[in-house]
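Chemist: Protein sequence lines correspond, in order, to chains A and B. Position one of the first sequence corresponds to residue 1 (the numbering used here), numbered consecutively onward. Position one of the second sequence corresponds to residue 139 (the numbering used here), numbered consecutively onward.
Wrong hints could be hidden among the right ones.
Claimed, not checked - List time: in silico DSBU-like cross-link candidates among lysine-lysine, alpha-carbon distance up to 35 Å:
hint	chain 1	residue 1	chain 2	residue 2
1	A	LYS110	B	LYS352
2	B	LYS500	A	LYS65
3	B	LYS460	B	LYS370
4	B	LYS462	B	LYS520
5	B	LYS500	B	LYS460
6	B	LYS444	A	LYS124
7	A	LYS110	B	LYS444
8	B	LYS340	A	LYS106
9	A	LYS124	B	LYS461
10	B	LYS477	A	LYS71
11	B	LYS433	A	LYS106
12	A	LYS106	B	LYS163
13	A	LYS110	B	LYS228
14	A	LYS65	B	LYS462
15	A	LYS116	B	LYS228
16	A	LYS65	B	LYS228
17	A	LYS125	B	LYS161
18	B	LYS228	B	LYS161
19	B	LYS460	A	LYS116
20	A	LYS106	B	LYS161
21	B	LYS161	A	LYS110
22	B	LYS364	A	LYS125
23	B	LYS364	A	LYS116
24	B	LYS228	A	LYS106
25	B	LYS433	A	LYS14
Note that these hints are calculated values from the structure, not bench results.
Here's the letter readout for the chains.
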Amino acid sequence: MDNKPRILLIEDEKGMVEAVRLRLEANGYEVMTSGDGEEGLIKARSEKPDLIILDVMLPTLDGLKVCRMLKFDENYNDIPVVMFTAKTQEEDVACGKEVGADAYVKKPFKSEELLKVIGDLLAKKNQPPSQNDTTASI
Amino acid sequence: MAANNKVLDNQESESQLLIDDIKEKYFWGIQLRYLIVAVSLLPFILSFYNSIFAGVNIRLISFVAAYNFLAHLLYLFKKKYKLWQMIFIKSVFQLLDILAITLLIYTTGFMDSPYWFLYLVLIIVSGFGMFFYYSISVFLIAFFSVLFYLGMFWLAYNQILPIYAPNFNIPPAEFLNLISNKAIFAAASFFLFAATIYYFSKLLSEQRQALSQKNRQLLGALEEMKDVDHMKDEFVSIASHELRTPLSIVRENISLIEDGIVGPVEGKQLELLSTSIENVDRLSKIIDNLLDISKIDSHSLNLNRKRADVSRIARRAIEILKKKAGEKNIYLGIRWRDKAMALIDADQIYRVFLNLIDNAIKYTPNNGKVWVIVEDSGFEVKSYVCDNGPGIAAGDLPKVFERFMRFSSTDKAFISGTGLGLSICKGIIEMHRGQITVESEIGVGTKFIFVLPKGEKNGQ
Chain A
1 MDNKPRILLI EDEKGMVEAV RLRLEANGYE VMTSGDGEEG LIKARSEKPD
51 LIILDVMLPT LDGLKVCRML KFDENYNDIP VVMFTAKTQE EDVACGKEVG
101 ADAYVKKPFK SEELLKVIGD LLAKKNQPPS QNDTTASI
Chain B
139 MAANNKVLDN QESESQLLID DIKEKYFWGI QLRYLIVAVS LLPFILSFYN
189 SIFAGVNIRL ISFVAAYNFL AHLLYLFKKK YKLWQMIFIK SVFQLLDILA
239 ITLLIYTTGF MDSPYWFLYL VLIIVSGFGM FFYYSISVFL IAFFSVLFYL
289 GMFWLAYNQI LPIYAPNFNI PPAEFLNLIS NKAIFAAASF FLFAATIYYF
339 SKLLSEQRQA LSQKNRQLLG ALEEMKDVDH MKDEFVSIAS HELRTPLSIV
389 RENISLIEDG IVGPVEGKQL ELLSTSIENV DRLSKIIDNL LDISKIDSHS
439 LNLNRKRADV SRIARRAIEI LKKKAGEKNI YLGIRWRDKA MALIDADQIY
489 RVFLNLIDNA IKYTPNNGKV WVIVEDSGFE VKSYVCDNGP GIAAGDLPKV
539 FERFMRFSST DKAFISGTGL GLSICKGIIE MHRGQITVES EIGVGTKFIF
589 VLPKGEKNGQ
């Protein structure tokens, strides 16, 4: 049970939350959700998920701010963040990169695309610690 | 508020125009007086050598020079005068001008002096102002001209002023008779002249005002149009943004059902679901295109121009579309000789290639051929996207780049896509200051040609 990767989904659109949760759970992830930015930030800090999916347009605190607050905090900056957005403008992509988002998925997305992004990020994140683990065990 | 400010601004600028107008005339008046003084000083200097020139009245010249110098000082003293200050100063010097003319008449033959026409010159010059209330000054000038002119006679009649004129040994009764004749002549003709000038200058200024008002209205309308245009762009941008969220939920839900995550699906159901997804994707592509078109229209599509190899971009697009061409067993190839470097936005040019090649594949029947050629001519990069498809009728060719254009072909394959792709291509190429054209022959094929300038640094 413990090795199920935990993903925090911060998204205010209920339909979207439901769909993504179903998809992720079907692919063997544990999903936590949060409907607004502030709550999401608190949850991210208390739960320390393996990955965060973050919508840009959120009530109370927008996604870019949430991302920046996590990425500029060294306790949490190793959590990969996938930005979710309906915006397609290149400036927004640049903005997302600037606040430290690891990936950027544009709505409407293909589920395979999202799963691939998540898979890649988790693999990348787990690689260095796994090396550390082996050295520690030796 | 904003509208009020605009009106205020306009009023201000109008009075500023008036001030500038008066000031300009004032300035030219100064220059003219200097010229007159200089010209009259010449015979005065000559009079030291030859007594022919002795008749020059140095006192009058000095008077004009003195007040003109004062006028010049006032002109230089302050850059910005208020309207009433400017009118006051101008009026004072106008009066001094009239006085100088009167003195000139007095010294040059008195009653027989021809210089009364200078009064009329003053009326003309001041009459053609920019605004009609300014040209009221013509009546004032006429009035003061008459006043000074007759005043001079009156002073002479009462023997306060001595008379130098040669033929002036006439008895007072006859003199009075002469003066009254002159008085009627002067008053009537000066005022008649002033009225004429007033009439024409009023006509002129009214026309000017009507014109400037129309200009202002047009400017206002233009401003409004820009606002509306901006609102339209914003609307498209927000609408497309708002459309995407529900669309992505629909897509994800269908895809969940299709993948059997929420229960088993089979056969026909799967087919319907897959068609639904295809159409959701199509819809989202239309939204993207609409957004792009609106950006191109409002010139807010930012090009990120860097030096890049056009042929490489073309090869990348071909690589992506190989599979699609393979499905129809279409040969897809490229011919290029060398790097074709140009200052371009690689992503946008990639889209152009993608769009054109995709189109070509779409409209070319099975087992057909689609090929791309990239040529670097040294100062521009010319790219061709060709196919041996059915071709486009000559009548349809000019309409190819129009929005939502549908070819009048019976081929069902034509009826898909957004009808915006080519229009976007054209927009992108034109933003690069390039050109895109199409050549086609029915039954032979179609050729899209676009030319991109290489940018500042030629060759590499």
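Chemist: Hints first: check each against the structure and report whether it holds.
Modeler: Each hint, compared with the structure:
Taking the CA atoms of LYS110 (chain A) and LYS352 (chain B), the gap is near 56 Å; set against the 35 Å cutoff, the hint is violated. With a CA separation close to 44 Å, the supplied pair LYS500 (chain B) and LYS65 (chain A) exceeds the 35 Å bound. Our distance criterion of 35 Å between C-alpha atoms is broken by LYS460 (chain B) and LYS370 (chain B), whose separation comes to about 38 Å. For the hint linking LYS462 (chain B) to LYS520 (chain B), the alpha-carbon distance of about 25 Å falls within 35 Å, and the restraint holds.
For the given pair, LYS500 (chain B) sits about 13 Å from LYS460 (chain B) by alpha-carbon distance, which is consistent with the 35 Å threshold. Distance hint between LYS444 (chain B) and LYS124 (chain A) is fulfilled; the C-alpha atoms sit about 31 Å from each other, no more than 35 Å. Of the pairs offered as hints, the one joining LYS110 (chain A) and LYS444 (chain B) holds, with about 31 Å between alpha carbons and a cut-off of 35 Å not exceeded. Simply put, LYS340 (chain B) and LYS106 (chain A) have alpha-carbon atoms about 66 Å apart, too far for the 35 Å limit, and the pair is violated.
For the proposed pair LYS124 (chain A) and LYS461 (chain B), the alpha carbon gap of about 30 Å is at most 35 Å, so the pair holds. Using a Cα cut-off of 35 Å, the hinted pair LYS477 (chain B) and LYS71 (chain A) is violated, with the two alpha carbons roughly 41 Å apart. Between LYS433 (chain B) and LYS106 (chain A) the CA atoms are separated by roughly 18 Å; this keeps the pair inside 35 Å, and the hint holds. Pair hint LYS106 (chain A) plus LYS163 (chain B) does not hold up; C-alpha atoms about 66 Å apart against a cutoff of 35 Å.
At most 35 Å may separate the alpha-carbon atoms for a hinted pair to count; LYS110 (chain A) and LYS228 (chain B) exceed this at roughly 79 Å. With a CA separation close to 41 Å, the supplied pair LYS65 (chain A) and LYS462 (chain B) exceeds the 35 Å bound. At roughly 83 Å between alpha-carbon atoms, LYS116 (chain A) and LYS228 (chain B) are farther apart than 35 Å, so this suggested pair is violated. The straight-line distance between the Cα atoms of LYS65 (chain A) and LYS228 (chain B) is roughly 65 Å, outside the 35 Å bound, and the hint therefore fails.
A C-alpha spacing of about 77 Å is found between LYS125 (chain A) and LYS161 (chain B), which places the hinted pair above 35 Å, so the restraint is violated. Pair hint LYS228 (chain B) plus LYS161 (chain B) holds up; C-alpha atoms about 8 Å apart against a cutoff of 35 Å. Between the alpha carbons of LYS460 (chain B) and LYS116 (chain A) the distance comes to roughly 23 Å, so the proposed pair stays at or under 35 Å and holds. For the hint linking LYS106 (chain A) to LYS161 (chain B), the alpha-carbon distance of about 63 Å lies beyond 35 Å, and the restraint is violated.
Among the hinted pairs, LYS161 (chain B) with LYS110 (chain A) is inconsistent with the structure: their alpha-carbon atoms are about 72 Å apart, more than 35 Å. In summary, the hint linking LYS364 (chain B) to LYS125 (chain A) is not supported, as the alpha carbons are separated by about 50 Å, beyond the 35 Å threshold. Only pairs whose Cα atoms come within 35 Å are accepted, and LYS364 (chain B) paired with LYS116 (chain A) is rejected, the gap being roughly 44 Å. A C-alpha spacing of about 71 Å is found between LYS228 (chain B) and LYS106 (chain A), which places the hinted pair above 35 Å, so the restraint is violated.
The straight-line distance between the Cα atoms of LYS433 (chain B) and LYS14 (chain A) is roughly 31 Å, inside the 35 Å bound, and the hint therefore holds.
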